[in-house]
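Enquirer: First to last, the sequence lines map onto chains A and B. Position 176 of the first sequence, counting from 1, maps to 176 under our numbering, and the rest follow consecutively. Position 39 of the second sequence, counting from 1, maps to 469 under our numbering, and the rest follow consecutively.
Quick caveat, the hints were computed from the structure, so don't treat them as lab data. For every residue, glycine included, the Cβ atom is placed at its ideal position computed from N, Cα and C. Some hints could be false.
[What the hints assert, rightly or not] Label-pair distances were calculated between CB atoms; the ranges are:
id, chain 1, residue 1, chain 2, residue 2, range
1, A, LEU131, B, GLU460, 15 to 25 Å
2, B, ALA537, A, ARG139, 45 to 55 Å
3, A, GLY27, B, SER541, 57 to 67 Å
4, B, GLU460, A, ARG139, 44 to 54 Å
5, A, ARG139, B, GLY437, 30 to 40 Å
6, B, ALA817, A, GLU32, 53 to 63 Å
7, A, TRP197, B, TRP522, 53 to 63 Å
8, B, ARG798, A, SER123, 25 to 35 Å
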Amino acid sequence: MPRTFVLPDLGEGLVEAEIVRVLVKEGETIAEDAPLLEVETDKAQVEIPSPMAGRIEKVHVAPHQTVRVGEVLVTFADGGAPGTADRAAPAAESRRPQASPPAPPPSAPSSSERQGPVPATPSTRRLARELGVDLRSVRGSGSGGRVLDDDVRAAAGRPAGRDGAAEAAPAAPREGPAKPLARVGLEPPPLPSFEQWGPVERQPLSHLRRTIAERMALSAALVPHVTHFDRADITDLDALIRRNLESARERGVTLTLTSFLLKATALALREHPIFNASLDAEAGELIVKRYHHLGVAVATERGLIVPVIRDVDKKPLIELARELAALAQRVREGKATLDDLRGGSFTITNLGALGGTGAMPIINYPEVAILGVARAREEAVVRDGQIVARLMLPLSLTFDHRVGDGADGARFATDIVRRLERPDQLLLEL
Amino acid sequence: MVMGDLGRDVDVVVVGGGPGGYSAAFRCAELGLETAIVDAQARLGGACLYEGCIPSKALLHVAGLIGEVERARELGVDFGEPRVSLDPLRKWKSERVIGKLSRGLAAVAKSKGVEVVGGRAVFESSRQVRVEGDEAQTLRFAHAVVATGSRPAPLPGIAVEGDRVMDSTAALALPDVPERLLVVGGGYIGLELGQVYAALGSRVVLIEMLDGLLPGVDRDLVQPLARRCQKLFAEIRLGTRLTGLRAAGGAVEASYGDATATFDRVLVAVGRRAATDGLGLERTRAQADARGVIAIDERGRTADPHLYAVGDVTGEPMLAHRAMRQGKVAAEAIAGRAAAFDNVAIPAVVFTDPEVAWCGLTESEAERAGRAVKVARFSWAASGRAATLGRADGLTKLIADADSGRVVGVGIVGPGAGELIAEGALAVEAALTVEDVAATIHAHPTLSETLMEAAETLLT
Chain A
1 MPRTFVLPDL
11 GEGLVEAEIV
21 RVLVKEGETI
31 AEDAPLLEVE
41 TDKAQVEIPS
51 PMAGRIEKVH
61 VAPHQTVRVG
71 EVLVTFADGG
81 APGTADRAAP
91 AAESRRPQAS
101 PPAPPPSAPS
111 SSERQGPVPA
121 TPSTRRLARE
131 LGVDLRSVRG
141 SGSGGRVLDD
151 DVRAAAGRPA
161 GRDGAAEAAP
171 AAPREGPAKP
181 LARVGLEPPP
191 LPSFEQWGPV
201 ERQPLSHLRR
211 TIAERMALSA
221 ALVPHVTHFD
231 RADITDLDAL
241 IRRNLESARE
251 RGVTLTLTSF
261 LLKATALALR
271 EHPIFNASLD
281 AEAGELIVKR
291 YHHLGVAVAT
301 ERGLIVPVIR
311 DVDKKPLIEL
321 ARELAALAQR
331 VREGKATLDD
341 LRGGSFTITN
351 LGALGGTGAM
361 PIINYPEVAI
371 LGVARAREEA
381 VVRDGQIVAR
391 LMLPLSLTFD
401 HRVGDGADGA
411 RFATDIVRRL
421 ERPDQLLLEL
Chain B
431 MVMGDLGRDV
441 DVVVVGGGPG
451 GYSAAFRCAE
461 LGLETAIVDA
471 QARLGGACLY
481 EGCIPSKALL
491 HVAGLIGEVE
501 RARELGVDFG
511 EPRVSLDPLR
521 KWKSERVIGK
531 LSRGLAAVAK
541 SKGVEVVGGR
551 AVFESSRQVR
561 VEGDEAQTLR
571 FAHAVVATGS
581 RPAPLPGIAV
591 EGDRVMDSTA
601 ALALPDVPER
611 LLVVGGGYIG
621 LELGQVYAAL
631 GSRVVLIEML
641 DGLLPGVDRD
651 LVQPLARRCQ
661 KLFAEIRLGT
671 RLTGLRAAGG
681 AVEASYGDAT
691 ATFDRVLVAV
701 GRRAATDGLG
711 LERTRAQADA
721 RGVIAIDERG
731 RTADPHLYAV
741 GDVTGEPMLA
751 HRAMRQGKVA
761 AEAIAGRAAA
771 FDNVAIPAVV
781 FTDPEVAWCG
791 LTESEAERAG
801 RAVKVARFSW
811 AASGRAATLG
821 RADGLTKLIA
831 DADSGRVVGV
841 GIVGPGAGEL
851 IAEGALAVEA
861 ALTVEDVAAT
871 IHAHPTLSET
881 LMEAAETLLT
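Please work from the sequences and hints to get the whole structure.
Expert: So this is what it looks like as structure tokens:
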């Protein structure tokens with residue numbers, strides 16, 4: 001019997017992935033754990049290893065195709081036996097009515113607990129679509145596990161995609177080419193026909209672009225954003241970095257401003273825990289995280305990706321710098337694992353390398369705050385009545401006004417600035 | 431573009447007037463969208479009404495009557511030998527059945543304000559379609575629904591001059607009752623039409639390439655039908671391929687397997703193909719594969735944001751009731767509603783004697799998927815109603831999820847199976863449990879009780 005291999009449950013509520021590359025050919029014999037396919041999910045580009053050794057009888061997917069968890073990726077021949085696959089429809093097959101969509105293929109040995117469609121009446125499914133609830137993420141309270149209207153309404157009141165909650169799946173679009181974005185809030189009015197003014201071209205969004213678009217729209221629509229601006233005098237910090245650049249390099253590490261930013265922010269977060277939290281609007285509770293995993297926005301050719309460094313408050317600076325460099329490289333090469341990209345509790349986005357004087361970042365929902373950093377410039381500032389040239393770093397702290405007020409944001413920003421301006425004290429805190 | 435033809439603007443153009451097309455158009459109109467249907471024949475109903483579901487069922491009704499007359503003899507009532515007159519039969523089929531339904535659809539279109547435009551539609555862009563016909567015109571639209579359906583698939587590489595070799599459309603026109611008829615294909619079309627011609631008096635030989643009739647259907651459901659066909663047909667050859675056809679005088683010589691035989695007519699029923707050629711889809715962003723099947727998402731939208739597609743052009747299962755639901759979903763999606771074709775159960779019915787019907791998961795699909803299910807079989811030998819009908823050969827089976835007890839599939843064989851499957855479809859679609867079905871009162875004595883009885887055997 002030929003054996004099929006389906007897209008396994010990728011965790012994190014991910015329900016689909018886009019095929020980036022197929023690394024095997026039909027007829028090829030491969031070893032167990034040999035790379036089979038490269039797929040891109042909402043979170044990362046990952047390689048899927050072969051679950052078994054054998055000859056690839058058929059590859060069912062092609063690059064750029066979106067596949068859902070449980071869909072067949074490849075079929076393995078078994079011991080060269082022709083098996084039942086030969087019976088698969090010759091060209092002039094009899095027209096036969098089919099009872100229903102094809103049965104779900106056997107699930108991979110994973111945590112996938114549900115097979116087949118979600119049990120719910122058609123009217124309940126319609127309600128879920130209207131409320132933007134992914135039925136797969138809803139636990140059914142009806143008999144036989146049927147999802148009821150009330151279950152859907154309860155799920156709709158709760159923000160989707162809560163960090164770490166296995167049930168929280170992103171409202172993912174379905175298969176098919178050039179899919180529409182999941183709608184958030186207002187219905188956009190129809191676009192005018194631009195062709196009347198000149199030639200246009202329609203470009204389908206990539207999987208990652210779509211994900212970013214949906215996440216940003218969700219955050220912007222859901223969260224009342226407020227941005228607080230400040231500047232840090234990093235003249236001393238810059239000098240300290242320059243002094244230690246060489247000795248760090250000898251230990252194989254490039255010391256960067258970002259690693260100090262990470263450290264200063266994580267330490268300030270310990271004193272301002274409301275910014276290291278998520279809001280459970282349904283429960284009316286603030287979920288304060290007792291870990292400080294900081295995401296760093298990285299621009300890649302494919303789009304924005306946010307890898308996460310864990311326990312930033314507890315790690316020595318030199319290790320932060322080393323980890324950051326390795327992580328950024330993995331992300332740019334598309335080799336980041338899902339674990340590299342999840343579990344963040346706060347995000348830093350540093351656009352300094354690209355210039356600019358400041359930006360108002362959008363919160364990486366369901367986090368509640370994000371720190372934007374622009375390019376440090378030498379400026380004329382007044383110190384003790386004297387005009388002196390100092391290296392000034394513009395900071396913009398965007399936070400969720402539901403969890404904190406302007407004063408909270410100002411105090412938090414001040415504590416970050418203070419640490420950046422007094423690197424000697426920052427080192428003492430390590 | 432014709433000189434002086436400035437084109438017209440409508441909200442929605444539906445291309446094709448079959449069940450998928452008119453369902454989409456009617457729903458669009460109900461939702462306040464100005465809608466036009468372009469149909470090559472300038473009529474509503476499509477293959478279903480004129481050369482598919484409806485005429486075949488009309489003829490099967492007659493075949494069933496003839497079968498009943500034969501059975502009546504065993505019950506002590508003899509009507510004598512039936513004499514068939516083709517002219518009145520054809521007239522009844524085309525005027526009283528098809529004509530009446532066709533006029534009914536036209537009246538509905540009128541009452542809903544849907545315009546039916548006659549002509550062949552060719553897309554000029556994602557926003558414009560040219561209608562080629564007596565009066566060529568151009569329609570500009572915000573959205574279009576492609577519903578051009580399917581045609582009988584030809585046998586590759588086998589062609590014979592003349593009208594002796596028929597597809598299902600030709601066979602339904604009932605040109606005559608051939609003395610010897612070869613049916614190529616043991617799917618539902620071949621079986622239904624084979625039974626019609628056998629009842630009317632043809633000596634029917636049926637060949638099927640695969641090793642069973644109705645490939646893909648659970649064998650225990652097929653068995654009673656296979657037994658009946660063995661009685662009705664002169665011969666059934668499974669695992670047999672047609673290798674050649676040759677005109678021989680007024681007849682056709684056919685080679686299949688190790689046999690060569692002469693037939694007065696040959697019916698080729700080897701499937702249907704999506705009809706998307708010549709539509710100009712290449713001037714839109716919609717994408718059709720090598721078989722002409724258009725890719726859509728769950729709302730029915732193609733890769734072109736202005737184009738939707740419903741029905742047979744979107745591939746298997748090519749069933750009118752699937753197309754109708756798809757049409758309504760596409761219309762609602764166009765109107766901005768949160769619609770999706772997420773149906774779990776698409777019932778399939780073979781209108782033979784006995785009828786075979788199923789929906790949801792079949793037992794063999796569940797097995798292949800390694801899904802844990804419980805299967806209940808209730809033989810009609812234990813049904814009072816079946817006994818009074820003299821039809822104890824039926825079977826009702828129910829497939830339930832082993833853990834939750836939810837009904838995930840239903841299969842029925844026996845007279846009336848096509849009507850009975852409706853309850854099965856409702857149970858599967860609404861995710862009812864076997865307890866829900868078992869605890870619902872079913873009228874006695876009816877065949878519908880067999881569903882309740884099957885459900886009861888799974889209660890713990």
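Enquirer: Would you mind marking each hint as holding or not holding in the structure?
Expert: Structure-based check of each hint:
no., hint, verdict
1, LEU131(A) with GLU460(B): 15 to 25 Å, "holds, 24 Å"
2, ALA537(B) with ARG139(A): 45 to 55 Å, "holds, 48 Å"
3, GLY27(A) with SER541(B): 57 to 67 Å, "holds, 60 Å"
4, GLU460(B) with ARG139(A): 44 to 54 Å, "violated, 36 Å"
5, ARG139(A) with GLY437(B): 30 to 40 Å, "violated, 53 Å"
6, ALA817(B) with GLU32(A): 53 to 63 Å, "holds, 59 Å"
7, TRP197(A) with TRP522(B): 53 to 63 Å, "holds, 59 Å"
8, ARG798(B) with SER123(A): 25 to 35 Å, "holds, 31 Å"
Checked against the numbered hints listed earlier, the structure breaks hints 4 and 5; every other hint is satisfied.
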